[in-house]
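Listed below, chain by chain, are the residues.
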Amino acid sequence: MTVTAQPTAIDTRLEASALTLGYADTDVVRDLDLRIPHGKVTVVVGANACGKSTLLRGLARLLKPRSGAVLLDGEAIHRLPTKQVARTLGLLPQNPIAPEGVTVADLVARGRHPHHGAFGRWTSEDERAVAEALTLTDTLELADRVVDELSGGQRQRVWIAMALAQGTDLLLLDEPTTYLDVAHQVEMLDLLAELNARRGTTIVMVLHDLNLSARYADHLVALHTGRVVAEGTPRQVVTEDVVRTVFGLDNRVIDDPVSHTPLVVPVGRHRPAADPAPDPQENR
Amino acid sequence: MTAILERPVGSASRDASDVVRRARRGPARHRRRLLAVLSLAVVGAFAVRVLLGDYTVTIPDFVRIVGGEKIPGATYIVMESKLPRAVLAVLVGLAFGVGGAIFQTTLRNPLASPDIVGVSLGASAAAVSAIALGGWSGWSVSLAAIGGAVGVALAVRAVAGDHGGFRLVLAGIGLAAAMQSVIQYVFTRVDEWDVQLVLRWLTGSVNGVDWATIGLLAAVLGVLLPATAWAAHSLVATELGDDTAAGLGVGRRRTDLLMFLGVLLVAVGVAAAGPVAFVAFLSGPIARALNRGRTTLAGAGLVGAVIVLVADYAGAYAFADLNLPVGVVTGAFGAPFLLWLLARDHTSRRAA
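So the protein lines, in turn, are chains R and U.
Under our numbering, the first residue of the first sequence carries the number 1, and numbering increases by one thereafter.
Under our numbering, the first residue of the second sequence carries the number 285, and numbering increases by one thereafter.
No lab work stands behind these hints: they were computed from the structure.
Positions of the beta carbon are idealized from the N, C-alpha and C atoms, including for glycine.
Just to be clear, a hint being listed does not mean it is correct.
[Said to hold, decoys possible] On the chain R side, residues computed to face chain U include the following (Cβ under 7 Å):
{"id": "1", "residue": "LYS83"}
{"id": "2", "residue": "PRO93"}
{"id": "3", "residue": "GLY101"}
{"id": "4", "residue": "THR103"}
{"id": "5", "residue": "HIS113"}
{"id": "6", "residue": "ARG128"}
{"id": "7", "residue": "ALA143"}
When you get a sec, could you build the whole thing from the sequences and use the hints?
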């Protein structure tokens, strides 16, 4: 992707430079350059197994680069003390585990761990941070409930609250809407957008749903076989050509009547409308 | 949600802080009370073990004996039998209880306890080999036990990977069987052995241990238990899974350190009393059930101490003319518990 000119003077605190990531003997992300715009919502999209979760894990220093580096404020993230990183960059993985019997307040309080020393005392600042995280995610009234007993949507809000209590400027989320129905997906993304607007938190997330991604992203990154195929505003990225390359799907892109962002309409082989749309085969 | 967001920031957050404080106070208070009750239970079981039984000692007599006064008969029975057994029972109960709960919590599997996955028997095999074939004693036996426990732990991990799934349990059960045959083999190689000795190294016993060994164990635990309390701080993060823990700035090395301390606790316990069956396995889940489903390492240690004290008392006095080693009693109660745990897991998963 040498074609993409480096966007000049993009304000960033987190970037990947010639980053190669992989497991065992396969490279999943290859020689990737990416700058996460500061204070914006960045969404990474791509087909299954395109390397988007791997990229997120790499950015969150969970995977060591094969080559290249992830830079946080200009320094290689793997060389920084991990606790120091945890005060700047938070992560909500795809399948966090709630310990048996833990209450909401207790779980969210664990987000304060990076702020404590070896024998860390719980301070009133910790309490404020937890209270604020619960308030922002609308989970305050669940504070003394046991996490296992909550609904999927409530549980996901509690996990976000834990990540918020960490009080980081950057927040990375791996498919925060998985297992949620469409109403809760929208609610979750509204919450994240609000956080970004109110606190200026830089958000980087991997999402499955292209249309919701186009609606909520300031900056969209399309990944295909471990490389960035397109990057920019949703309008720049979500085009029929890019969607065809990334997902191998014939499609139309129309205007989203609600948000006026691009809306992808897939063209399948079945149930074509009686009328008009030109034969999908022509686009090949 | 907007209603909450629009409230004036100051008042909302003060109210919210109160809610958080109250919500966190409940579980913390319950845990403190539980630890207090369990501590009393340890003291009570200890008193029963030392004062009652086939030979009753009054409290004033006990104080005089411990103070150094010689009371014919009573002094010998208390100082050479009852007291060392009770003290050793508390120490190994603490060691196995905490060590087992570390395994179960870190590996997120109640079956992945050191006595099920062969770590205890590895320590035992190494210790009995060192004593019977090498003629070792004291410190060097503890070191051999540590070597055996670490060896088995590393072998299990090499075979099954880092996670506490069924592969780890299967690999561990296989290694446990292998360690058991090592112990049995050692007994065929020595000329003089007795049933008590075999039982000690196969199932565990607090009988006939000298004060030097007990003192050594107490000293080692005096270092290991505070170190564990410190290292266990990272559990608040590691309990949430490897990725979340890493996100909170807790790397795998912290988990490894805690596991290593767990292996050491079990190994030094085994070096003193043998692999007392199922104590490590039982203590964690019992303490957890008493703590409303939440992990408590300290609680597990105290439960372990109560189990060993009570089981030793039962083994010594429950059956006339039969002095059963503590491991036989805990083994007899552990097996049904194992079945209950498996059955309960099965039904709860079906219900979910």
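Each hint tested on the structure:
Given the 7 Å rule on beta carbons, the hint for LYS83/R holds: about 4 Å separates it from the nearest Cβ of chain U. The interface hint given for PRO93/R is met, as the beta carbon of that residue sits about 4 Å from the closest beta carbon of chain U, less than 7 Å. With 7 Å as the threshold, the beta carbon of GLY101/R comes within range of chain U, its nearest partner Cβ sitting at about 3 Å, so the hint holds. At about 6 Å, the closest approach between the beta carbon of THR103/R and any beta carbon in chain U falls short of 7 Å, and the interface hint on this residue holds.
Interface restraint check: HIS113/R against chain U, minimum CB-CB distance 5 Å, threshold 7 Å, status holds. Nearest Cβ of chain U to the Cβ of ARG128/R: about 6 Å, under the 7 Å cut. The hint holds. Using the Cβ-Cβ criterion of 7 Å, the hint placing ALA143/R at the interface with chain U is satisfied: the shortest such distance is roughly 4 Å.
Checked against the numbered hints given earlier, the structure satisfies every one of them.
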